[in-house]
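K.L.:
Top line first, the protein sequences correspond to chains A and B. Per the UniProt record's numbering, residue 1 is the first one in the first sequence, and the count goes up by one each step. Per the UniProt record's numbering, residue 1 is the first one in the second sequence, and the count goes up by one each step.
Source of the hints: derived by calculation from the structure; they are not laboratory data. Here the structure is a predicted model, which means the values were calculated and not measured. There could be a bad hint or two in this list.
Same chains, same names: a pair is fine if it fits in one copy or spans any two.
In silico DSS-like pairs for lysine-lysine, Cα to Cα no more than 30 Å straight-line [claimed, not checked]:
#1 LYS2 x LYS346
#2 LYS477 x LYS58
#3 LYS246 x LYS69
#4 LYS396 x LYS346
#5 LYS383 x LYS319
#6 LYS26 x LYS461
#7 LYS58 x LYS396
#8 LYS69 x LYS477
#9 LYS349 x LYS477
#10 LYS319 x LYS26
#11 LYS349 x LYS235
#12 LYS396 x LYS349
#13 LYS461 x LYS69
#14 LYS346 x LYS246
#15 LYS396 x LYS235
#16 LYS461 x LYS266
#17 LYS69 x LYS346
#18 LYS477 x LYS461
#19 LYS319 x LYS2
Number of protein chains: 2
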Amino acid sequence: MKHIVIVGGVAGGASAAARLRRMDEKVSITLLERGPYISFANCGLPYHIGGEIIERDKLLVQTVEQFSKRFNVNVCVGHEVLSIDPEHHLVEVANGDEQYSLTYDKLLLSPGAQAILPNISGIDDPRVLVLRSLPDMDLIIARLRQIRPNVPIGVLGGGFIGLEVAEALRRLNLPVILIEAQSQVMSSLDPEMAVPVHQHLLEHGVELHLNRSLSRIHSLHDGLQLEYNNSQSVKVGMLICAVGVKAESQLAEEAGLELGINGTIKVNEYLQTSHSDIYAVGDAVQTYDWVLNHPVHLPLAGPANRQGRLAADNMLGHKRRFRGVQKTAICRVFDLSVGAVGVNEKTLKETDVDYQKVYIHSNHHAGYFPGASTIHLKLLYLKENGQILGAQATGKEGVDKRIDVLALALQARMNVYDLEELELCYAPPYGSAKDPLNQAGFVAANCLRGDDDMIYSEYVKDFVGQIVDIRDPEELKAGIISDSINIPLDSLRERASELDPTQAVLIYCQVGLRGHVASCMLRQLGFRVVNLAGGYCTYQDWVETLQEES
Amino acid sequence: MKHIVIVGGVAGGASAAARLRRMDEKVSITLLERGPYISFANCGLPYHIGGEIIERDKLLVQTVEQFSKRFNVNVCVGHEVLSIDPEHHLVEVANGDEQYSLTYDKLLLSPGAQAILPNISGIDDPRVLVLRSLPDMDLIIARLRQIRPNVPIGVLGGGFIGLEVAEALRRLNLPVILIEAQSQVMSSLDPEMAVPVHQHLLEHGVELHLNRSLSRIHSLHDGLQLEYNNSQSVKVGMLICAVGVKAESQLAEEAGLELGINGTIKVNEYLQTSHSDIYAVGDAVQTYDWVLNHPVHLPLAGPANRQGRLAADNMLGHKRRFRGVQKTAICRVFDLSVGAVGVNEKTLKETDVDYQKVYIHSNHHAGYFPGASTIHLKLLYLKENGQILGAQATGKEGVDKRIDVLALALQARMNVYDLEELELCYAPPYGSAKDPLNQAGFVAANCLRGDDDMIYSEYVKDFVGQIVDIRDPEELKAGIISDSINIPLDSLRERASELDPTQAVLIYCQVGLRGHVASCMLRQLGFRVVNLAGGYCTYQDWVETLQEES
């Protein structure tokens, strides 16, 4: 009888075990989990800290007893694999003081990843914590109970976990300082797209320390003194580190398996490691970003679950390919949703891909229906043929829907002309007859067809010519681009003669839509015109970005 | 100078006029609108009746003055086109008592559709109303003010408008009787999928009269006596007819233009009528359902807007194809969202398409995160290769997102194997690591690959063999399939010997997921097994359907 051993019992490992059993009633399955739980809701931890998920038990998706019984799997929690001997198909396991060997026919590694701690002095203070497991969460909650109120808590790292933890702490009414080494949170976003996130964090009482790296931590009797590399420092009651994770690949490495980028376990498209009887899935493995054709480490639950399922099939002799990832991701930041898919502009700039981008600031549903809120969307696509490369969006409602639709558009290798034709469901509570995604398609296709010509905010300072603000006078209170003249759109046709036809014209409105109308008009009247992509709204975010970077 | 005349100034007509001007500053554009407004929010009317959209002015998306000025269009409201002379490129127009002719180079017909009134005695009573235009809405609101409370209001027709109006009236705390000739509301759904909608309507105090056609209306001094064809009758204070619309094609017909199905104006893929200088768009035209390759009449705002844009380009000499429709639609029914895309099973049954279907009843986001609600999803696909044919969904949250993703999947000609690999955005407030759409893909692909075998509720009565309910005993309170025996999943492995190996086994659980686990197990133990698609949840809806049909 075939014996399959699985190392790690959370997303990838548990998915694989269940699938193995469904596909093969006879195979013998042993699941070794180092920690005390299997299949717990990793992604739910911050919400329990914040009190949003009230019962801790909700996080235990499957109990050992239930899982063992249902899937006839020998589940061993508290069993840690010490070494792998690929040649003899053997793992060495420790269970407390006991130690034993276990043979396997196929081995699946799903060891996950561990939180990274910066290598600085003072990081070993017990008031420096991470959030990766249930015990981590329990410790944070216990420490929070001991902490004095009004002493801020430091959160190091502005990625998903950092932001979720910051929100959780604010829910508990604790003062929070979010520290980020970059000039922006949420690195999957381009900097100008992170600006509304920064504003939202500030509105919700999170103190943002951007562009700050920790150089050392001083342990005080009543807290921690965090010293920044700019020699400033700040005092916190405790520090939660959320600066990312690294693959748990030590076992694999010691067993001589080939590693990938950032110390991940290297697997082929069938999730097979360099040893053909050893498979690996989840947060520990290198995967493949098919959009840019390069290896990535993407420790997310969705791919881990799907990989577990595929690896199970493949260990049973099938040949099912994991297609790679496109980095679809979302994070709730208080009332804001922040989503992204595919490649961002920062990354594109490092390649020779010839891309374009559009910005849409549009209501998430019909503007005349109560509760409409703005979605800020950035879409990147190939200049050559309009193929979609990636997108980012923020907003209070409907962000996840647009990112998911674009995730599918990306998966289907669609282009901006396809977005023009999207037939999405429309009723006033849900969308608009011309959805923001249709609009993104319209704007992009207009540019590719040569029906409009955009200028991006970053090039405005280099523009030589006349800058025309076509908004209504009352809109100018929000700010203007310097040296612009104001000719409201509805009088532009009659006042076009005020412009110098020998000079280029830069048109801008609030979001780019009226700018398109104006730029079409002036172009046909003989002017050389560019329309500011995303209008003043994007421009403002851009200016803010420059300030944050400096 | 080229002169383009547009007949009808709402969705299609207004979109076309604006696009024409953006693309061509020189063309002369006349927009003739019979009614008092252009570009009003048709889809918002029911929500103003219900008081959800408080200000009537919000429904006026563009004013005549603003539109005329911005787009340099000669907008004539209250101007009705009496006839078209295609040969001489002439339209005859009436403006009150005045009458005049207008020549055109290109003519765009966007006359819309009108509400259908059943041809029965008493239908001309002034208390019989329809809802199609702002004046219609104003009249309904005025009449509602005069009505005596506690006398129910009849709504005839359980389509989008009928349901939206019923909800609006209930918001005003008025008693409502919804009358529908079919055995279900919302004909884009298959009958079993409409069951939760019926339940929801009842929960919100709508009295449902299904399977009732009106045979006549008696005018009483204090209301209307509605007589059904089953000789029952009911008294209402007023009746709002929402039994559908018919294309406004009389003008086109009289001008000798070719008509399509249901009296629509026939257009080619470039939105050109049978006369090459006359284009037509919107609710009046025949369009093309590309999923089933047949002509349809789909009077919805989304296609109308996109058609207007394309027709404008084509009238200016481009050749841009309208790709046809896939019938994406959604309706809010109180707290429920009801969406559909593509073809439904009722329609498939009338074809020789070899299809399969799956049902998913799944949380709209992670179950451990507060507020999870169930999405009921039905997916139809080609048996041959898994290509997606259509889907329907109901639920309180996240329905629009799944329908939109499937709309794109349909547009991209994707199959159920692609759904397995969907990489949608996941964080606990938004979805699950295995989204309901991934799950739909898993279930369908399992069947197509031969890893599971489903039985549909409608065939359970013909099943010969053992029916095994594998739910936990406390779940059986919700009801069971008669003649089933209960063996909970977690003891099935040890109790399998209780089953007769010579007889087929029908497995069911609540939604089909555990049934899959059980059926895999028993199949490998040598049994012939089928798993009930959608589990007891779908079965219950099916039983309910039979009762409604009888």
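K.L.:
Sort out which numbered hints this structure fails and list those numbers smallest first.
P.N.:
Of the numbered hints given earlier, those the structure breaks are 1, 3, 6, 9, 11, 13, 15, 16 and 17, listed in rising order.
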